[in-house]
Each structure stands twice: as structure tokens, then as C-alpha cells.
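Chemist: First to last, the sequence lines map onto chains Y and F. According to the working numbering, the first sequence is numbered sequentially starting from 1. According to the working numbering, the second sequence is numbered sequentially starting from 1001.
To be clear, the hints were calculated from the coordinates, so they are not data collected in a lab. Among the clues, some could well be false.
As the list claims (entries may be wrong) - Derived contacts from chain F toward chain Y, CB cut-off under 8 Å, selection only:
{"id": "1", "residue": "G1016"}
{"id": "2", "residue": "L1043"}
{"id": "3", "residue": "H1105"}
What the hints assert, rightly or not - Derived DMTMM-like pairs (lysine to aspartate or glutamate); straight-line CA-CA distance at most 20 Å:
{"id": "4", "chain 1": "Y", "residue 1": "K2", "chain 2": "Y", "residue 2": "D83"}
{"id": "5", "chain 1": "Y", "residue 1": "K70", "chain 2": "Y", "residue 2": "D7"}
{"id": "6", "chain 1": "F", "residue 1": "K1078", "chain 2": "F", "residue 2": "D1056"}
{"id": "7", "chain 1": "Y", "residue 1": "K42", "chain 2": "F", "residue 2": "D1057"}
{"id": "8", "chain 1": "Y", "residue 1": "K2", "chain 2": "F", "residue 2": "E1011"}
{"id": "9", "chain 1": "F", "residue 1": "K1078", "chain 2": "F", "residue 2": "E1018"}
{"id": "10", "chain 1": "F", "residue 1": "K1024", "chain 2": "F", "residue 2": "E1014"}
{"id": "11", "chain 1": "Y", "residue 1": "K42", "chain 2": "F", "residue 2": "E1044"}
{"id": "12", "chain 1": "Y", "residue 1": "K42", "chain 2": "F", "residue 2": "D1056"}
{"id": "13", "chain 1": "F", "residue 1": "K1024", "chain 2": "Y", "residue 2": "E5"}
{"id": "14", "chain 1": "F", "residue 1": "K1078", "chain 2": "F", "residue 2": "E1011"}
{"id": "15", "chain 1": "Y", "residue 1": "K67", "chain 2": "Y", "residue 2": "E15"}
{"id": "16", "chain 1": "F", "residue 1": "K1078", "chain 2": "F", "residue 2": "D1057"}
{"id": "17", "chain 1": "Y", "residue 1": "K56", "chain 2": "Y", "residue 2": "E15"}
{"id": "18", "chain 1": "Y", "residue 1": "K42", "chain 2": "Y", "residue 2": "E15"}
Note that CB positions come from ideal geometry on N, CA and C, so glycine has one too.
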Amino acid sequence: QKEVEQDPGPLSVPEGAIVSLNCTYSNSAFQYFMWYRQYSRKGPELLMYTYSSGNKEDGRFTAQVDKSSKYISLFIRDSQPSDSATYLCASGSARQLTFGSGTQLTVLP
Amino acid sequence: DAGVIQSPRHEVTEMGQEVTLRCKPISGHNSLFWYRQTMMRGLELLIYFNNNVPIDDSGMPEDRFSAKMPNASFSTLKIQPSEPRDSAVYFCASSRGQGAGQPQHFGDGTRLSIL
């Protein structure tokens, strides 16, 4: 079993839709949680960073961490075609960050 | 601020040749990470440095891979001899502070093809 599991998609939504991206992790010692966005032929770009449980909001993006169920989510409101990319979740400890396999998202105009 | 800079952006070479990938981290960042990304295995950590010292190299696939960080502004990842299965995108990332849990900032990668 991989330490961080993520549905690879692909996920296709119409412009303006609310997008929900999810990951699960298996190591209860994980305290750091991140979401990255990766455009084709570019490096991952940090979107959200959370330490421990809770919610964090930044513009149209909201990250949620539920440590009791080992579940992390990213919500994108009012999705735009420019949000089309691969989204990677990451969880870890001070020693190592483990990435999910990524979910490919397409927002249709 | 300049981001993480990697060179070359693309490298095509024949198997058996030595390959050297280069990385300049963001100024002021004291942790540096080398990752490899493939379709099959996703993004995998190869090695991580803190204050120029290798902290965790458990992800380095085998002795053909080596990494150095001679100073705070430069790191190399070397593959010798290279094999076709080494074909992947190699990313360098850097962060402030100690530990892998701090926000990491990635370069745009080196796309490596071994023929």
C-alpha cells in the first residue's frame, strides 16, 4: 500500500463548477500536508500548506485535513480553464514528504 | 525573486554515458531536494540536503547515482553509467528551515532521455 493514495482521474468539469480533489494517507505520524499544481512540462507549484488538522482558505482554494480519518481535500470554487492541470497532494513528517500520484483536472470553457 | 533554476532543461544521451544535472536553489533556502518523476512511479524523493549536508539518501536507486552540494547555491546529481530506465524528469526543490515538512519550491525540471 502506498503511503499517500490519490485518484488519478482524469476529472473534467464545466467552468464555474466546484471541484473536490481528495487523498488518503496511511501514516498517523504525518503532520504536514500540501497541495501542488503542476502544469504540463513545468515543476509542481505550491498551492496550499497546512500543519496538522483543520481548514485553510486562500482565494478560490480551500484545503481540509481530517487526521482522524487520514483524509485530505482541496476544493476549488468557481473553477476556471486556467485551473486545468495536475494536482498533487503531499503528506509527511520532518524527515520525508510523500506525494500522491496526482489528479489530472480539465475545466471546460 | 528568482526561483529554483535547473540545467539543462532537456538531455538526450546514449546509455553508458555520464549525465550531470545541475540545480541552483532559491537564495536563503537551506534545504535542497532531488526528485524523479515518472508516469509509473510518480514523484519520488531521491536525496535531501540540509545546510549542504546529505540527510537522507535512501531514495537513491543505486550506486550509479550520486549527488553533491559543494555550497549553499549549487547542487549536482550525477548518473554514471546511465541506463534507459533512468529516463524521467528530474526535479530539484528547495525550502527554508530544516526538514522535509517545510514548503518546498520546485524548479521546472530536467527531462532526461537515455537511448
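Chemist: Which of the listed hints are broken here?
Modeler: 1, 4, 7, 8, 10, 12, 13, 15, 17, 18
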